[in-house]
Amino acid sequence: KSDLKNLFAQPPSTPLQSDQIHMHFAHVLQEISRDTPILLIIDNLQWADISSVQLLFYICRRLQNSAITVVGAYRSEDIEKVGDVEPNLLSAVLAELQRLFGEILININKEDDNELIDKYLDKWKNKIDKELRKKLIEN
Numbered sequence: 172k173s174d175l176k177n178l179f180a181q182p183p184s185t186p187l188q189s190d191q192i193h194m195h196f197a198h199v200l201q202e203i204s205r206d207t208p209i210l211l212i213i214d215n216l217q218w219a220d221i222s223s224v225q226l227l228f229y230i231c232r233r234l235q236n237s238a239i240t241v242v243g244a245y246r247s248e249d250i251e252k253v254g255d256v257e258p259n260l261l262s263a264v265l266a267e268l269q270r271l272f273g274e275i276l277i278n279i280n281k282e283d284d285n286e287l288i289d290k291y292l293d294k295w296k297n298k299i300d301k302e303l304r305k306k307l308i309e310n
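Mapping of the sequence shown onto our numbering: residues 172 to 310, in sequence order.
Treat the hints loosely; a few may be bogus.
[Unchecked claim] Under the rule of at most 20 Å between Cα atoms (straight-line distance), these lysine to aspartate or glutamate pairs were calculated in the DMTMM-like manner: (1) K301 with D289; (2) K306 with D293; (3) K296 with D206; (4) K305 with D214; (5) K294 with E274; (6) K298 with D206; (7) K306 with D289; (8) K305 with D293; (9) K298 with E309; (10) K306 with D214; (11) K305 with D289.
In short, the hints are calculated from the structure, not lab data.
Kindly generate the complete structure, drawing on both the sequences and the hints.
So, in structure tokens, the structure goes:
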């Protein structure tokens with residue numbers, strides 16, 4: 172906890188570079204996750220800018236041994252059409268994360284059964300009750 176206090180004690184004398192920001196953000200998440208697991212949900216990734224996609228990739232790679240689960244949601248049909256992300260950047264990041272971690276994508280449609288979500292969430296000890304699971308699927 173003292174590391175977190177020191178991190179925010181004084182503003183930097185020079186602007187931080189993006190890799191420094193990524194490192195500090197990952198460090199904060201890692202420190203918090205030592206006390207309590209984190210579920211980080213990022214919605215509408217199709218609208219993410221380049222820096223946000225780079226940060227997502229960084230934290231997924233660096234925090235794989237921490238008590239952190241990252242859930243990203245996006246409309247696959249909109250990946251190529253909208254947003255500020257360079258064409259195929261998010262697709263490339265997702266492909267690399269899948270190469271590193273195995274099957275990571277779950278295609279959820281309104282018609283899909285909740286059983287898939289339940290099985291996935293039940294892989295880890297958690298307190299995500301049925302009501303929250305229902306809300307995750309509805310939204």
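Results for each hint:
Of the pairs offered as hints, the one joining K301 and D289 holds, with about 9 Å between alpha carbons and a cut-off of 20 Å not exceeded. Among the hinted pairs, K306 with D293 is consistent with the structure: their alpha-carbon atoms are about 16 Å apart, no more than 20 Å. Annotation: proposed proximity of K296 to D206 holds, straight-line Cα distance about 15 Å (limit 20 Å). Of the pairs offered as hints, the one joining K305 and D214 holds, with about 16 Å between alpha carbons and a cut-off of 20 Å not exceeded.
The suggested pairing of K294 with E274 holds, with an alpha-carbon distance near 14 Å, which does not exceed 20 Å. Annotation: proposed proximity of K298 to D206 holds, straight-line Cα distance about 15 Å (limit 20 Å). Taken as a hint, the K306 and D289 pair is honoured in the structure, with Cα atoms around 13 Å apart against an allowance of 20 Å. With a CA separation close to 14 Å, the supplied pair K305 and D293 stays within the 20 Å bound.
Proximity of K298 to E309 is assessed by CA-CA distance (about 19 Å); at most 20 Å being required, the pair is judged to hold. Taking the CA atoms of K306 and D214, the gap is near 14 Å; set against the 20 Å cutoff, the hint holds. Restraint check: the Cα-Cα separation between K305 and D289 comes to about 10 Å, which is no more than 20 Å; the hinted pair holds.
Of the numbered hints stated above, none is contradicted by the structure.
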